[in-house]
Amino acid sequence: MTGHRKPPHAGQASSPFRRRRLSRRPFPLLVLFAAVTLLVASAFFATACGQTSDNTTTSLAASTTVAPSTETTAPSTSTTVGGSTFPVTVTDDNGKTVTVSAKPMRIVSTAPASTEILFALGVGDRVVGVTSLCDYPPEAAALPKVGDFQANTEAIMALSPDLVVGYSGNEEALAPVEAAGAAVIILNPATLDGIYADITMVGAATGATAEAAALVEKLKADVKQVADAATAKGQAPKVFYALDNTLWTAGPGSFVDELLQIVHATNVGAMQGEGPAQAYFQFAPEQLVAADPDVILLPNTAYKSIDEFVGDSRFAQLKAVKEKRVILIDDVIITRPGPRIAEGLKKLLEAVHPGAL
Amino acid sequence: MRLVGDRRRTYRLVMLAVAAGLLGAVVLAAVTGAAGLSIKQSFAALLALFQHGSEATGDFPDWAPRLLLNLRLPRIALAILTGAALSTAGASFQGTFRNPLAEPYLLGVSAGAALGATIAIIWKPLSALGAYTVPLLAFIGAISAAFLVYRLATFAGHTQSASLLLSGVAVGSTLTAILSFLMVTTERDLHTVVVWLMGGLTAATWTKVFLALPVVAVGFVYIVAMARRMNLLLMGEERARELGVDSQRTRRNLMVAASVTTAAAVSFSGLIGFIGLMVPHIMRLLVGPDHRRLLPASALFGAFLLLLADTVARTALAPQEIPVGIITAATGGPFFLYLLRTRRGA
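Here the protein sequences line up with chains A and B, keeping their order. Be aware that the first sequence starts at 161, since it is given in my numbering, and climbs by one per residue. Be aware that the second sequence starts at 17, since it is given in my numbering, and climbs by one per residue.
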């Protein structure tokens, strides 16, 4: 090892040994450089070709979307689909008025909840793009991806949508899509009523008004069933709902707090004097010991098993730990503000009041 | 002679004052917190805990002794351990490099630990290793990074300060780049990673204290035992060699000891900045550059300062905790500037 290290120190550039090393070294470097250049070049060409083919579809699609809009300028050609008469005007959760000129045939969703609403309304066959986080229903997961929690403008443009059902936070990424002529509606529900309103709005925008009405009706009935079963159980246990593995929890006014009220539980995070009365905040470990909840709910997105929590010596003496009421919950289905919310509520009810249903 | 006598007296005085301060901080930390116990109740519970154990009852909620035993006391212990470890390591790095900007994370320990911890958090199959996967990988990452930096800076068995500093920076930024890449490609665990990176003692338990303690203790004892040699190194490498110190070996051993000590602390507390940088400077101003005094004084003051910072961190906005790294950096930054300005003038 030291033998190899010596030459640079010897510093004799004229020795044959040194010269051979000098002449040998650039070769692999050159090859590497050439290989990298080639790779970059080919990658560039590949994307360039991909882009040109996309461009042609975009321009084709653009011309087809132009056609209906010229039609709608003529007042006589409004069409009626599934109860909605196009053009239809809706107000989205940002309070923006959006006009959908014709029945949308190429819909892009940029959030899991939006995707679930579209599929629950039966318009999934018209959805052409979703995000990589859209895991439900299975047929949605197979669709082309347009980003994760951040929408990718180019990927969406490439699909030439006529309707984008986005989510709060996507506004900036979706502005160019809107400028290109697509209708963009943004969802941001904060309550169950907000979810019902969103389903109704998406139904109107996609020509599925009747389906939306039926879905909302069904959800309301299911939620009422859960609420009745919960109230029938009498006492309301103290529940700590963990949002992650660092004791962030939901305070008063949060969506989780509403859900906990429906299943007749006392949300520890919303109890008097237990927090800064914020929708979401971090609980101190000490406070959890002092509050000593009856039930502790852990999200399965942050915990693999309850052992992580139960095995923590700080919490070994908690009532919920000793009485084995620390429960791993499927927090995605419970907190995702989509059409499976009633299903999520049933799971929450089962965790808080076992056997209530 | 008079000067030496003065120094000795100052040292005793400083040690006494800091020890008293530390004791005060321990009591303060034990009786304050987010649980809604009054200071009086906390005191009563603390006394009862020491007299009758964690099942003691009295003029306080019956969970209070357990809360003190399982939450506050291990957290106090971990703060003391971490503060002492970082400050000792910082003093030792500053001494071996004769560089006032040297700090415990000089050899890429922080970036290595951060990357290790992030991999442990993101890559789920690893969690099969148990509850201590994150500290374990952080420790391995920290040690590997330090080893890598040291190897990269060593040519023909010779290590130069400049090459060490540079390879430390280079390895650090490379690892940080990988870390950033991992962070943008993960969605689910981003929050957990960020919380770890900010550093904190929130999740302190006795197990963590007892896992970190032996490593930190051995590192501390070794570094203090080398104090005399570090003093000789301060006189310059030539001079040290004349006096019979193998400066190369001494520096290497000290770097290993300081990096391992840092790694042990960082693995359980995340990245806490500025303690390791500023504590040795404050102590050098007070007790002088003699490492036989500087090292113990730094350890004690570092323990005191981090415990105080952590108590502020968990009580100022209770129940919300402020990452302690924010407090150490917020106080350390201005202090460092002050030091820079006044030293210029001197």
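Just so you know, these hints were derived from the structure itself, not from any lab. It is possible that part of the hints are untrue.
Quick list of in silico lysine to aspartate or glutamate cross-link-like pairs, DMTMM-like style, CA-CA up to 20 Å [stated by the list, open to error]:
1) A:K482 x B:D78
2) A:K479 x A:E503
3) A:K305 x B:E203
4) A:K479 x B:E203
5) A:K464 x B:E253
6) A:K479 x B:E254
7) A:K464 x B:D205
8) A:K380 x A:D285
9) A:K398 x B:D205
10) B:K140 x A:E468
11) B:K140 x A:D404
12) A:K507 x A:D295
Among the chain B residues that face chain A by a calculated CB cut under 10 Å, a handful are [claimed, not checked]:
13) W79
14) P90
15) R114
16) N115
17) P116
18) H207
19) T208
20) A220
Being a predicted model, the structure only gives us computed values, none of them experimental. Even for Gly, the Cβ is constructed at its ideal location relative to N, Cα and C.
Structure-based check of all given hints:
no., hint, verdict
1, A:K482 x B:D78, "16 Å, holds"
2, A:K479 x A:E503, "28 Å, violated"
3, A:K305 x B:E203, "16 Å, holds"
4, A:K479 x B:E203, "33 Å, violated"
5, A:K464 x B:E253, "54 Å, violated"
6, A:K479 x B:E254, "66 Å, violated"
7, A:K464 x B:D205, "12 Å, holds"
8, A:K380 x A:D285, "26 Å, violated"
9, A:K398 x B:D205, "28 Å, violated"
10, B:K140 x A:E468, "13 Å, holds"
11, B:K140 x A:D404, "16 Å, holds"
12, A:K507 x A:D295, "19 Å, holds"
13, W79, "6 Å, holds"
14, P90, "8 Å, holds"
15, R114, "24 Å, violated"
16, N115, "25 Å, violated"
17, P116, "31 Å, violated"
18, H207, "6 Å, holds"
19, T208, "6 Å, holds"
20, A220, "8 Å, holds"
Comparing the model with each earlier hint shows violations of hints 2, 4, 5, 6, 8, 9, 15, 16, 17; every other hint is respected.
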